[in-house]
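Chain order of the listed sequences is U and G.
Quick note: the first sequence, position 87, residue 87 per full-length UniProt numbering, numbers continuous.
Quick note: the second sequence, position 193, residue 193 per full-length UniProt numbering, numbers continuous.
Worth double-checking, as some hints may not be accurate.
In silico EDC-like pairs for lysine to aspartate or glutamate, Cα to Cα no more than 20 Å straight-line [stated by the list, open to error]: (1) U:Lys251 - U:Asp177; (2) U:Lys46 - U:Asp74; (3) U:Lys46 - U:Glu63; (4) U:Lys46 - U:Asp22; (5) U:Lys141 - G:Asp275; (6) U:Lys251 - U:Asp232; (7) U:Lys46 - G:Glu177; (8) U:Lys46 - U:Asp20; (9) U:Lys141 - G:Asp278.
Only part of the chain G face toward chain U is listed, based on derived beta-carbon distances under 8 Å [unchecked claim]: (10) Ser173; (11) Tyr175; (12) Ser178; (13) Ala179; (14) Pro196; (15) Asn197; (16) Leu280.
Hints in this document: simulated from the structure, not taken from any laboratory.
C-beta: ideal position from N, C-alpha, C; glycine also.
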Amino acid sequence: MSATIRDLNISIGGRTIVGDVDMDIADGERVGLIGSSGSGKSMIAKAMMGLLPATARVGGSIEMGGRQVVDASDIDIADLRGRYVGMVFQNPAAALNPVMTVAQQVGLPLYLHYDLTSAERTERVGAMLAKVGLDEDVLPKYPHELSGGQQQRVGIATALVTSPHLIIADEPTTALDSITQRRIVDLLTSLVDGAGASMLFITHDFAVLHRATTRCYVLEHGGIVESGATADVLSSPQTGQARRLVEAARKLSLAAKETDHV
Amino acid sequence: MNGRIRTLRIVARSMWRRASGRYALVVMGLWLLVSAVSLVWTPYSLLATDGFDTWGSPSSSHLLGTDGVGADVLSWLMAGSRTNLVIAVLTVVVAAAFGLLLVAAMVSCNSAFSSASVVVVDALISIPTVLVALILSVPFGASAAVIVAACGFAYGLNLARILRPSALLAARSAYVESAIWSGASPIRVFFTHIMPNTLPVLSVQLSMSAGTSLLAEAGLTYLGVGVGSGVPSWGHSLTTSVRFISIYPLAVVWPGLVVTLVVIALNLFGDTLRDAIDPLTNPALREAA
Numbered sequence: 001m002s003a004t005i006r007d008l009n010i011s012i013g014g015r016t017i018v019g020d021v022d023m024d025i026a027d028g029e030r031v032g033l034i035g036s037s038g039s040g041k042s043m044i045a046k047a048m049m050g051l052l053p054a055t056a057r058v059g060g061s062i063e064m065g066g067r068q069v070v071d072a073s074d075i076d077i078a079d080l081r082g083r084y085v086g087m088v089f090q091n092p093a094a095a096l097n098p099v100m101t102v103a104q105q106v107g108l109p110l111y112l113h114y115d116l117t118s119a120e121r122t123e124r125v126g127a128m129l130a131k132v133g134l135d136e137d138v139l140p141k142y143p144h145e146l147s148g149g150q151q152q153r154v155g156i157a158t159a160l161v162t163s164p165h166l167i168i169a170d171e172p173t174t175a176l177d178s179i180t181q182r183r184i185v186d187l188l189t190s191l192v193d194g195a196g197a198s199m200l201f202i203t204h205d206f207a208v209l210h211r212a213t214t215r216c217y218v219l220e221h222g223g224i225v226e227s228g229a230t231a232d233v234l235s236s237p238q239t240g241q242a243r244r245l246v247e248a249a250r251k252l253s254l255a256a257k258e259t260d261h262v
Numbered sequence: 001m002n003g004r005i006r007t008l009r010i011v012a013r014s015m016w017r018r019a020s021g022r023y024a025l026v027v028m029g030l031w032l033l034v035s036a037v038s039l040v041w042t043p044y045s046l047l048a049t050d051g052f053d054t055w056g057s058p059s060s061s062h063l064l065g066t067d068g069v070g071a072d073v074l075s076w077l078m079a080g081s082r083t084n085l086v087i088a089v090l091t092v093v094v095a096a097a098f099g100l101l102l103v104a105a106m107v108s109c110n111s112a113f114s115s116a117s118v119v120v121v122d123a124l125i126s127i128p129t130v131l132v133a134l135i136l137s138v139p140f141g142a143s144a145a146v147i148v149a150a151c152g153f154a155y156g157l158n159l160a161r162i163l164r165p166s167a168l169l170a171a172r173s174a175y176v177e178s179a180i181w182s183g184a185s186p187i188r189v190f191f192t193h194i195m196p197n198t199l200p201v202l203s204v205q206l207s208m209s210a211g212t213s214l215l216a217e218a219g220l221t222y223l224g225v226g227v228g229s230g231v232p233s234w235g236h237s238l239t240t241s242v243r244f245i246s247i248y249p250l251a252v253v254w255p256g257l258v259v260t261l262v263v264i265a266l267n268l269f270g271d272t273l274r275d276a277i278d279p280l281t282n283p284a285l286r287e288a289a
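Isolated chain U (complex conformation) (with noise of 0.2 Å):
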């Protein structure tokens, strides 16, 4: 799915976190939004599915597959999450129930937007978690049982199982050790890949941008500051917001690399 950004401002309490901001995602386009904590990445997110808080004032337009969302209606809005857009969040541990089992937490999205029989609902959720490399015994088991890694995985999963158009993944890696890190934007990239899928990938590092997205859009005190292909962003950044993220990517990567061969 497209999505449209054009002259987005979101202000709260009188002051500015996003300001004149345009944004394009074409269908099946890999695109990435990065810049520092604070910097309204997440903001931007949010004014996507129209999840913002109550007391934010938003201008501009944002058209999702052809629709407007900005003052758009809940109901109007309602397909839009975990239909056609899905999320995957940065805090896996947080981001899933400690109370629902794999089963649950998968499935929820089908059962809000399906009819399905719940015996449909299993075996499609089995289907999802094999394609995020997980066995079916983690189905009854908690969030609390499973690694980080995993946790992530059945992130994606509960993103992905709905076949969404577009995919939202604000710091998926985050909160990752580097390897797994490494496997979850290469698991994230194929599966939004092979079902065609377009994603906005939100990140505060360079290096995993670089995997995860062909183009992106560098972030800085809620405005966009440099725009482009992601690799020449990275080989050549024009701006100094773009130039310390790239540095602190290169030093990152290093000790990575380092302990790579520990």
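Got chain U sorted already, so can you dock chain G onto it with the hints?
Then chain G, alone, in the frame of chain U:
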């Protein structure tokens, strides 16, 4: 549905494994059994009195003795158990409905409403249950319904106050955000994502409410605003004998003992239920699920 029955069986078994849980289950089972039996059979009719055998000591014909009008104490306690059961169950239902409604309003509305509601609830909590019951008894007369209404109101407020922090914690969690992103409606989010995560607090608080309702029944009946005269209840049995405690102490011991044992059972029930229903503290729930 099958899974739910299996979960229930695991929870019951986990509770049974602990001595405190076993005590609670046995006492509550007996309570249910005696209530049911008392509907069709009691050793003596409640109206059977014997003027020549008042304040009788326990004997083979009257196992727990007789009271001031010569009625069988055991029969009255057995019949009273069903009144108290109905009061306890209805109090829990009313308190849960009222309390959860308040909590839902507190977590779903904006922060200004939420903070204002705390002040209002705090103010209402300070009204004693007895006072509420006394006020209600003016237009409605003394009845079990007054006890249920007063207790349900007071314990509902308490429940809301105690449940609010854990409900807020759940409401602001990433898993609730995730459920909303998946398209879950606010009502669904509250009942299937927020409430189950407050179950430890909820189960303890509600079972304590059931126990406290028994104490309230005894107290309110003593004050004359509880169950009507002639209606069997443990509070009624206590009330009729407590005036003679210095002369016939044994007559007070029996109803007092029953109330004490059942209240302890209810409190232990909540305690062991909390440990048994939480997948974090009960490994059996994880293995067998």
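Against which earlier hints does the structure fall short, listed by number upward? none
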